[in-house]
Every structure is written in structure tokens, then in C-alpha cells.
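S.K.: Chains as they are written, first to last, in my numbering: chain A, 1 to 797; chain B, 798 to 952.
Hints are computed from structural coordinates only; laboratory data are not their basis. One thing to keep in mind: the hints can contain errors.
[As the list claims (entries may be wrong)] Restraint-style ranges between C-beta atoms, simulated for each label pair:
#1 A:Asn680 - B:Ala914: 32 to 38 Å
#2 B:Arg949 - A:Val63: 39 to 45 Å
#3 B:Leu857 - A:Trp92: 33 to 39 Å
#4 A:Thr93 - B:Ala914: 40 to 46 Å
#5 A:Arg94 - B:Asn805: 35 to 41 Å
[Claimed, not checked] Over the 10 Å line for every Cβ pair with chain B, so calculated as not near, a few chain A residues:
#6 Ala49
#7 Ala55
#8 Gly194
#9 Lys235
#10 Gly244
#11 Cys280
#12 Thr314
#13 Ala394
#14 Gly573
#15 Arg644
#16 Pro705
Beta carbons: idealized from backbone N, C-alpha and C, even for Gly.
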Amino acid sequence: MERPILTTRTVPPADAPAVPDATPLIIPTDAPAPGRARPAVPLRREGPAKLTGAALYADDLVVPGAWFGATIRSTEPRARLLGIELDEQFDWTRVVVVTADDIPGENVVSLIDSDQPVLVPVGGEIRHQAEPCALIAAADRGTLREARRHIRLRTERLRPTFDPLQSDREFANYTVERGDASAAMADAAAVIEGVYRVGHQEQLYIENQAMIAVPRKDGGMTVHGSLQCPYYVHKAMKRSLAMGDELAVVVQAETGGGFGGKEEYPSVIALHAALLALKCRKPVRMIYDRHEDISATTKRHPAVVRYRSGVSDTGELVAQEIEVIMDGGAYCTLTPVVLSRGVLHAGGPYRCANVRITGRAMATNTPPNGAFRGFGAPQTEFAAEMQINRIAEALDASPLDLRRRWVYREGDVTPTGQVLRESVGGPDVLEAAAEAAAFDRTLAQTRSMREGRTDGARVATGVGLALAWHGAGFTGSGEVKLASVASLELTDDGRIRILTASTEMGQGTKTIFPQIVADALGVEYDEVEIAPQDTSIVPDSGPTVASRTAMVVGGLLIKAAGQLRARVEAQTGRPFAASYRQAGPMRVDERFVPYPGEPFDDATYRGDAYPAFGWACAVAKVDVDLDTGEVTVRECVSADDIGRVIHPMLAEGQVEGGTLQAIGYATIEEMKLVDGRYLNDRLATYLIPTSLDAPRLRSILVEKPFSGAPHGAKGVGELPMDVGAPAVVAAIHDATGVWIHDLPATPERILAAMTDGTAPSAPGVSLEVPAPRTPAIEDLPRGGDEMPFRAPTDPAP
Amino acid sequence: MTFAFTVNGSPVEVEVTGSRRLLDVLREDLGLTGTKEGCGEGECGACSILVDGDVVDACLVPVSQAAGTEVRTVEGLAESGTLGVLQQAFLETGGAQCGICTPGMLMAGEAFLASGAEATEEAIREAIAGNLCRCTGYTKIIDAIALAAERRSVA
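Isolated chain A (complex conformation) (with noise of 0.2 Å):
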């Protein structure tokens, strides 16, 4: 293959290295003919139950007797609860009230960092709109409504902060360093710098929060819920309620999408649903509505990322200087990690000798942010692929030679000094995307489109490319911390049976696991059973994020499933599959053991960040309507490195996902606040793109396996995310000229980046300004029961 050209005039192309011969291999979409079917063997494992509805979500568990819980939130981002009233003239005998007091164990969710309680103690301080102060249970729902309107929190308000650059109270800092960033900068022939900010996003599940809590006779707590980490909740249940291994038991219900908001949040409703439950001897159901849910559930971190970027005369990438400012919110929750990808992604895939990257994380008086696919590194990642396409613009490069120019290839050395030693695939699925999206023919067509433009024109055509790396699996010594357990067992009756707590969140945990271990034992893939994710029965496989299910989990199963197999042969002298049935009792315990590589210094950041990098590229087509700013996405071409494809039908199904996501995230996903409150706290007004704002998503899957893992899988569910934002920024300047630096690109930013008018506020920092009165939330109409159009007098049902 040719050594790609760098294309500029003012930095002459100097020596690249060569792009590998291997070509990489590309699993044949096929997809995009409408009504074609692909044969996908194995279909989904619980698909059947989802498409009959037949799977029982929690809101669909019928526990008979069960009470309804509600939560007493805030309305104030910060201040001092002076009291929990209740109004003397209700009759609160059928009622039952929790406060901070009825805790039995510690008043605090369990996380990385002790900060946030379960409910804020009178005397405490409140640090955002929407922090729960008190839990109120009843027999029924007219009653529970009734009460909550006769209680009354007295607070003395405090000074709130909003602005994470104004905070002083700080979750977490890091810096990477490689090289001498600032010497190298004073040298470089050019220096270019910008800012980006993006704000919050909503994960906006269509399952809202649920769970349900079950008083044991044994004196234990069993919930039910719908969650992605059995374990996360099954930590904070024991350390809150004080209550041992096998008193408090977690148990996934049929888990209607995730993204991260199901990761560290459901520990906060389980324990107050067991808290109600253990008050009132009753099983509790707290089922969030959707109002409640986007006003008081987590969020994607909001970022601000300082960039400056130096290249050689030689046109080589040669100083980075990053700094990073995450907003947290109001408790630590998941923050330190998230800022850690972040930092760990910021510097993109590309090869740099001096880099240096500062992350800080900041506390503000808002709901507390926390994962959402992709885990900080969409933030960082928008920030580096608009600077490297400013970069292009600058020195009238063309975005794709730079990136061929300057992306990663095996033996280069990342910020952290870890040596890509294998597994690279950023230039094959740079290649892959740009070919299947006929980028450099579009750059053109839209080039001379924009050139023949009148000054009539309603509607301008642009394309945009960028590309990303994303760590698979826990950051840094994360792995080796968790040290996760992944088993299998032969039943004594003959049965294959997996046990893992990773959870199935339509991501296809249920399907690829059976899949792989059937693989692994000589059996069908229906002979492979999976046990439910219920803490009393499954082992700590860690929690399921991270795109580390396949790779670790799965990995660990790989290896579990060897051992079953050679025990079984060894005993019965027979190949397993012809003999298994009557060989149980037996059981396989595999723990993770550390990836090769040089181990990660949390103290210092260097080491091996990632036991391995997926890599992915997306080519969007947008047009603009130059009259209102308004942007339709008309194409998505991606291309992803995932390692070993296990499942092709379920890994494109997350790479299209993904990049839904990501387009959401580029155009019209934004929070707006004031005072600290969320406004657009509906689906009415917290928009998600529908069937019409979708493009048609082309997915092209590339492998480069991972030799780490025993099939080679490195994980897929965050790597479509981080791409997709930037893409649609560089094709909205491809057909306007201009650069959004702040995410969302809404119709208000793009139309004053074109009339040099007044751009909005910058996304994600909540308005000083006190809002006219709203109604709390538990004034508000909410779901179920309670719509608008009941008449006032009319009986509860």
C-alpha cells in the first residue's frame, strides 16, 4: 500500500510510517437491503419471552400485599434541612415514614467515596434539587398521594454552586504525562487551540427505575430490580441495613436498557424501598415515573476541555497540552472513574511524544452525575477529534490523510507509556469507514456544492469523519482490583449451568455467553443454560459495564469451561459432550487473572491503561437548513475494531445503537437548568431521536483479535459512542463553514456560529437565576393513576 500523503501546504509530509499490508478482515454487513434477514444463529436467548411479553420487568412483579413507596425530595440545590413536618391533621397511621434516623446501618451509598447519604439527616446539608430527604410507604396509591402532600420540609437556604470552574470542592485530579508537552509546544511550527463544551445527557431508558423490596422471614431483605451490577447494590444493601452476605440478596428483573444509568443509581431506590420494607413489614414497590426519573437519576458528565495542539514543520503531532473539567454534581457517585477515562482517552488515537493531560472533577450543586456509555471518554474524545479537525482545517489538510498520518499503529507508545503492542485497528477501520462512505468523493462533492451555492440556498450537504480508540474492560488496576469470578456447574441431574452476575440489559449477555460455552464444551448452544442474576445463587462477577462482559467475563467462561471439559473427559474417559450428563455434580470457579502487560500505577498513571483499545470510525452526511439551523442526519457509516466478533447481528445491533446515541448527543440531546433543577425534565421535552431523525446506520465490523482473551473479544458497547458526536460536528462545518465547539449542535448555536450572533448559554451550566415557582415534584401530575384529565373528586381506583 502507498504511504498515505499528507496534503498541505504549509507543513511539507515527512516520513510515516508505513500502513500495514494486512488487510484487515470485514465481516460482510449485507444489512442495509430492507427485509433481508440474516442468518443469526444463535437468536436471542430471552427474545421469545420480550417479543410475547412474556419477560417480567420489576413493574411487572406481582407481589401480593406489597405497599407503594415514594421518595420526599428537595426543592432547593443547596441547604440546611431543618426539619421533616408532618401535618398534625393527617391520619399517618396508615403510613409509614422513613427519615435518616430509621437507618440501621451507615447513612451513606455505598461508592467509591462515602459522601452521599441515603436520605439527608435534619441538620444535614442538601446539595441538590432532587436529593431525598424522607421516604413515605402506604397500602395504596391514593393514600401514599395524599400523605405527601402533608408533609413539608423546612429548610434554610444556602448559596449554591453551579459552575464546576467556580467550585472549590474537588472529587478527583490527574495528570498523564509523556515527553515534554511544554517545550515541545515552543517549538512547534504551529500551535492551534480550542475549547469544547458539552453538557449533560440523559440515558433516557425507556424502563424507568424500579425496584421492589421483599422482608424475608430469616429477618434478611431480597429486591427485585431493574439494574446492571447485582453486586453494587448487594455492597450498599449490607453496609446501610447492616445486614450480612446472605441477608440481603439482589435479583435482576428483566432489565429495559441501561447505558450506565442502571449502574451506580439502583443501589440509591433499592435502599430506600428496603428501608420503607423493613419499616412497614410489607414488600415495597418504588417505580419511578418518567418525570421523576430524568429529574433525579443520573447523568452524563458535563465537560470543559482546553485543547492546544502543536505540529512540526516536518507536519508531525509533536505537543499536546490538555486540561479537562468535569462537572460531578453533587456527590462523587462513579465521578473519579469517569474523569480517569476521560483523561486516559483525551489525547485521541494518535501518536504523540509530549503530551500532557490534566483532569479535574468538580463539585456543583446538581443532581450527581454518573455513567453513561462510554464513560467520560465521549466528552474528551469530542474535544480531541474537533481540535484534530481543526488541525486539518489549519493547515488545509485533508481529515483523513491526518488521521492516516498521525493514528496509532502497533509498537506506538500512548501517553501513559504503554506500548500498543497488538491489536491496533485504527487505521483498518479508518479505512474501512472512509471507503464504505466514499469519504474523499463526498468531501469533494460537498466542496463543490458549497462553492456553486447561491445565496438562496435553503439547505447545505456536508460529510464529516472521526475516529476513536476506547479502552476495553476497567480502567488501569480496575481488573485486578475487582478480581471477578465467573463459573459453571453440571447439575446432578446433567445440566450445563452458567453463573456469572453480569447482567442482560438487551445487549445479549443471555445469547453470547451459552454461545461461548457451548463453543467451548462440544454442545449445542441450547444444552448451555444460564442462571438468573440473583446474588444468592451467582458469584461477583463484577458489574457489567465497562464493554468488559464479552472480553473479561466472557473470557473467564472460555477458560472455566476448558476445565469443566478436561475434569469430565478425565472421569469418564469419553469426549464431554457424550458423557456430561452423567458426570455432575461439578463445579468450575474461574477468577480473573491479570492481562499481560506492564501493570498500571495508579499513583503515577503509567502502565498499561487497557489490556487492550477497540477502535471506531464514523463518516455521517448531514444537511443543514440554513434558514433555522436545523440539522438532519442523512447517513451513518461506522466502523469498529471489537477483537473476535462473537455475535455479528447483536454487535452491530450495539454499534447502531451506540451511534444513535452519539447523533442524539451531537444535535438535540440537551439538559437545560436553572437553579440547579433540570427544566426539561419530560419526554415531551427532553427529545431522543425518533424513527424519522434516525439516518439508515451502516455498521462494518473489522477484526483485530485481542490475544489477551481466550477468544480474542475486546467489547463493544461503548466504542460507537464516542465517535458518532464528532462526525456530525465536522459535517455540519462541511456545510456551513462553521465550528460548533459546544455540544448539543442545536439549531440556537449553529444559526449564531453562522449570523456571528448570540450563541446560548454553555451547556451544562445551570442558570443563577431562580425560576419563576415551579411546582415541586410532588405537586406535579405524575403517571398512573393520577393524569390530568381525573377530576379532583374522583374515586382512586
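For chain A, the structure is supplied; the task is to place chain B on it using the hints.
M.R.: The following block gives chain B in isolation, referenced to the frame of chain A:
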């Protein structure tokens, strides 16, 4: 009050207040929890059902308006224990991921197929525009409906 209608072909009678949401009647009074609630205000389409063949959001319909109608829900789609054509197409193309929008999507898809409209991509997008999905990006859902249309036209 008593309200009588049919659900998936079977006659039912419920004794409830007339403003009770049809969604709650289906889920809580009749035990048909296949129909889901996503927002309770007609934005997400998770509770889409068919009332006399029309797609409606069950969270916006008071049961009084269902009296005398034929209601169809996801529970009525499987034919004698096997998946219907549209359900099978969803399974084969990957149209269902987390599954929470799936019952509503299926009902919108059923109404589209019943309309006899040509199954172009644009027409299918229009038909499911009231049903939000956060998992799939819609592409495989559209493929599923197109596949079902093709199979039904052959059958």
C-alpha cells in the same frame, strides 16, 4: 361502572372508575403486563396497543373509551404458541434488544402491516415514529417490519 370490550378476541368486563387508564386496566386488572409504561404521557409509545385496529397509547385512553371495542395487545400476537410472522422477523433481524419498547413496536408494526401500505423504509419509519427505542437505532426494527411484510405477501 362496568365496561365490556374484547381483549385479543376474548370478551372481558371490568368494574372500575371510567377514567382509569386502559393501561392500568390491562396491566393490573387483567394481568396483561406485556404492555409497558415508559412515560405515562403519550410520548414514548411503549404502551401502544390496537383499539379497533388503530394504534393508541394505552396510557392516554380512559377505559370508558374502550367500551365496546376490540383491543389487541402483544399477548395476542403469537399464534397457537408459536411466534407470529412479525415477532419471528424481530427475532431474526435483531429488532428487539432490551425489549421494553418491543411490545409497542410490534403493535405499531402490526397496524402498519394490516394497512396494506407498501413497506418502503420511509413508510415504516413513519409508522413507528411514535415509538421510541433507545437500543437499536431503529435500523433492525425497520428491517424486521420489512421482512414480515415480505413474508406475508408471499404467504
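S.K.: If a hint holds in the structure, say so; if it doesn't, say that too.
M.R.: So, going through the hints one by one against the coordinates:
1. The given range of 32 to 38 Å is respected by Asn680 (chain A) and Ala914 (chain B), whose C-beta atoms sit roughly 34 Å from each other.
2. At roughly 40 Å, the beta-carbon separation of Arg949 (chain B) and Val63 (chain A) lies within the given 39 to 45 Å, and the hint holds.
3. Look at Leu857 (chain B) against Trp92 (chain A): about 34 Å separates their beta carbons, and that is inside 33 to 39 Å.
4. With their beta carbons about 59 Å apart, Thr93 (chain A) and Ala914 (chain B) fall outside the hinted range of 40 to 46 Å.
5. Range check, Arg94 (chain A) to Asn805 (chain B): Cβ separation about 37 Å, and the 35 to 41 Å hint holds.
6. A cut-off of 10 Å between C-beta atoms contradicts the statement that Ala49 (chain A) is not in contact with chain B; the least separation is 8 Å.
7. Its beta-carbon lying about 6 Å from the closest one in chain B, Ala55 (chain A) breaks the requirement of being farther than 10 Å from that chain.
8. With 10 Å as the threshold on Cβ separation, the claim that Gly194 (chain A) sits away from chain B holds: the shortest Cβ distance comes to roughly 29 Å.
9. Chain B leaves Lys235 (chain A) outside its interface by the beta-carbon criterion, the shortest separation being 25 Å against a cut-off of 10 Å.
10. Distance to chain B confirms Gly244 (chain A) as a non-interface residue, since its nearest Cβ pair spans about 33 Å, more than 10 Å.
11. For Cys280 (chain A), the condition that its CB be more than 10 Å from all CB atoms of chain B holds, with the nearest at approximately 21 Å.
12. Here Thr314 (chain A) stays apart from chain B, with its beta-carbon at least about 41 Å from theirs, past the 10 Å limit.
13. With a cut of 10 Å on Cβ distances, Ala394 (chain A) stays outside the contact zone with chain B, its closest approach being about 34 Å.
14. No beta-carbon of chain B comes within 10 Å of the beta-carbon of Gly573 (chain A); the shortest separation is about 40 Å.
15. Residue-level check passed: Arg644 (chain A) sits 19 Å from the nearest beta carbon of chain B, beyond 10 Å.
16. Remark: the non-interface label on Pro705 (chain A) is consistent with the geometry, its nearest Cβ contact in chain B lying 23 Å away (cut-off 10 Å).
Hints 4, 6 and 7 from the list above are not met by this structure, while the remaining hints are.
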